[in-house]
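K.L.:
Residues per chain are reported as follows:
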Amino acid sequence: DGGITQSPKYLFRKEGQNVTLSCEQNLNHDAMYWYRQDPGQGLRLIYYSQIVNDFQKGDIAEGYSVSREKKESFPLTVTSAQKNPTAFYLCASSWGEEGGLETQYFGPGTRLLVL
Amino acid sequence: AQSVTQLDSHVSVSEGTPVLLRCNYSSSYSPSLFWYVQHPNKGLQLLLKYTSAATLVKGINGFEAEFKKSETSFHLTKPSAHMSDAAEYFCVVILGYSSASKIIFGSGTRLSIRP
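Listed in order, the protein sequences are those of chains A and E.
Here our numbering is used: the first residue of the first sequence is 1203, the next is one more, and so on.
Here our numbering is used: the first residue of the second sequence is 972, the next is one more, and so on.
Do not rely on the hints blindly, as some may be mistaken.
[Unchecked claim] A few chain A residues that face chain E, going by a derived Cβ cut-off under 7 Å, partial list only:
#1 Q1243
#2 Q1258
#3 I1262
#4 G1265
#5 L1292
#6 G1311
Keep in mind the hints are simulated off the structure, nothing from the lab.
Note that CB positions come from ideal geometry on N, CA and C, so glycine has one too.
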């Protein structure tokens, strides 16, 4: 089955620790995205990538880093510089056709909790 | 400024009665408009999308939405609510059709269904 997978489902981080959230898709989509969701708020874009080996900052990139070495993978690292990392993180992908951002397909999410 | 506003943070209806979730947007472009649904601790699922074809868009699970340019609205409706419709709903706007396209999420509307 084609789709997007995120792992782990729950992740715990200690103070001062970096953690990496995994996102994999087998939809052959060019574009991938990371969003953060806080209670009672809409999604906010952290980073996005429209092609392999290229990515752009979204609205709240500080304290996060990404890589896009393979088309199917877009891992997100939450660094110790992110002072309020507790949130629900959603990964998405789309065809990202030339000139536009198309319908996005979302993964099941990872809930990050700080100990 | 370009934005999307979901007018109600919480809507509660009785099972079998109509559902109306309101969304207004502000844009100087012709936008692409989407409604997504999110069940607890799950990723987002596309309900329907408008991309400048028919103004009345039919989606999954009996939902539909009408694009009204004069009112800059894209309200989501369903004739008869079902208990399984209880979830969070997000209105999403994609502005522009270029490499500078911007995705804007509304803050969400939580739909509760009373037995």
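K.L.:
Return the status of the interface hint for L1292(A): holds when the least beta-carbon distance to chain E is below 7 Å, violated otherwise.
P.N.:
holds, 6 Å
K.L.:
Close enough to count: is the Cβ of G1311(A) nearer than 7 Å to one in chain E?
P.N.:
This hint holds: G1311(A) lies near chain E, its Cβ roughly 5 Å from the closest one there, short of 7 Å.
K.L.:
If you take the shortest Cβ to Cβ gap from Q1258(A) to chain E, is it below 7 Å?
P.N.:
Violated - the Cβ of Q1258(A) stays beyond 7 Å from chain E, reaching only about 10 Å at its closest.
K.L.:
Identify whether the interface hint at I1262(A) stands, where standing means a beta carbon of chain E within less than 7 Å of its own.
P.N.:
violated, 12 Å
K.L.:
Given G1265(A) as an interface hint, is the shortest Cβ-Cβ distance to chain E below 7 Å?
P.N.:
Result: violated, 20 Å to nearest chain E Cβ.
K.L.:
The hint names Q1243(A) as touching chain E; please verify it with the least Cβ-Cβ distance against 7 Å.
P.N.:
Status holds, d = 6 Å.
Against the hints set out earlier in the document, violations occur for numbers 2, 3 and 4.
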